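A.B. asks: Sequence:
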Amino acid sequence: MIDDLRDYGFYAEDMVHPNYAATNYVWEKFVPACIDEPAQKLMKEINLINAAKNHKPFNPSSELHKKFLQTNFEKVIQLSMRYAYINFEEELKYFG
1256 MIDDLRDYGF
1266 YAEDMVHPNY
1276 AATNYVWEKF
1286 VPACIDEPAQ
1296 KLMKEINLIN
1306 AAKNHKPFNP
1316 SSELHKKFLQ
1326 TNFEKVIQLS
1336 MRYAYINFEE
1346 ELKYFG
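Numbering (this note's numbering), first residue to last: 1256 to 1351.
No lab work stands behind these hints, which were simulated from the structure alone.
Accuracy of the hints is not assured; some may be wrong.
[Said to hold, decoys possible] List time: in silico DSS-like cross-link candidates among lysine-lysine, alpha-carbon distance up to 30 Å: (1) Lys-1348 x Lys-1311; (2) Lys-1284 x Lys-1321; (3) Lys-1330 x Lys-1308; (4) Lys-1284 x Lys-1308; (5) Lys-1322 x Lys-1308; (6) Lys-1311 x Lys-1321; (7) Lys-1299 x Lys-1311; (8) Lys-1322 x Lys-1296; (9) Lys-1348 x Lys-1321; (10) Lys-1348 x Lys-1322.
[Claimed, not checked] Computed beta-carbon distance windows for the label pairs: (11) Asn-1305 x Met-1336: 17 to 25 Å; (12) Lys-1296 x Asn-1342: 17 to 25 Å; (13) Val-1281 x Asn-1342: 26 to 34 Å; (14) Leu-1347 x Asn-1279: 28 to 36 Å; (15) Tyr-1263 x Lys-1284: 18 to 26 Å.
Keep in mind that this is a model prediction, so the values were computed, not measured.
A virtual CB, placed ideally from N, CA and C, is assigned to each residue, including glycine.
Please model the entire structure based on the sequences and the hints provided.
C.D. replies: See below:
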């Protein structure tokens, strides 16, 4: 952090803690250096599921939204079969 992000623009208002841009920068350097490719792939898949779960539908009763829920439910089922040690109960309940 100190070597790469010397600019004060990377610090929060208190000038002690890193801001969002700085933590993002550090995370982007950390992931490829410390997390293997299969885990990175899993992280991306789970991020997509979380983004879908956080989506606020314009019309929850539409056929398009029902298809969206079904598609994501199937993705979660596939993930839970490949990674049985991860608990996807909350996601299955949400999309199910």
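A.B. asks: Please go over all the hints and tell whether each is borne out by the structure.
C.D. replies: Status of each hint after checking the structure:
Proposed proximity of Lys-1348 and Lys-1311 is supported: the alpha carbons are some 16 Å apart, at most 30 Å. This hinted pair does not check out: Lys-1284 and Lys-1321 have alpha carbons roughly 38 Å apart, beyond 30 Å. Simply put, Lys-1330 and Lys-1308 have alpha-carbon atoms about 12 Å apart, close enough for the 30 Å limit, and the pair holds. At roughly 27 Å between alpha-carbon atoms, Lys-1284 and Lys-1308 fall within 30 Å of each other, so this suggested pair holds.
For the hint pairing Lys-1322 with Lys-1308, the CA-to-CA distance comes to about 14 Å; that is within 30 Å, so the pair holds. A C-alpha spacing of about 13 Å is found between Lys-1311 and Lys-1321, which places the hinted pair at or below 30 Å, so the restraint holds. For the hint pairing Lys-1299 with Lys-1311, the CA-to-CA distance comes to about 20 Å; that is within 30 Å, so the pair holds. At roughly 25 Å between alpha-carbon atoms, Lys-1322 and Lys-1296 fall within 30 Å of each other, so this suggested pair holds.
Between Lys-1348 and Lys-1321 the CA atoms are separated by roughly 14 Å; this keeps the pair inside 30 Å, and the hint holds. At roughly 16 Å between alpha-carbon atoms, Lys-1348 and Lys-1322 fall within 30 Å of each other, so this suggested pair holds. Look at Asn-1305 against Met-1336: about 19 Å separates their beta carbons, and that is inside 17 to 25 Å. The beta-carbon spacing between Lys-1296 and Asn-1342, approximately 19 Å, falls within the hinted interval of 17 to 25 Å.
Between Val-1281 and Asn-1342, the C-beta spacing of about 28 Å keeps the proposed range 26 to 34 Å intact. In this structure, Leu-1347 and Asn-1279 meet the distance hint of 28 to 36 Å, their C-beta atoms being roughly 30 Å apart. Checked against the given bound of 18 to 26 Å, the beta carbons of Tyr-1263 and Lys-1284, roughly 20 Å apart, stay inside it.
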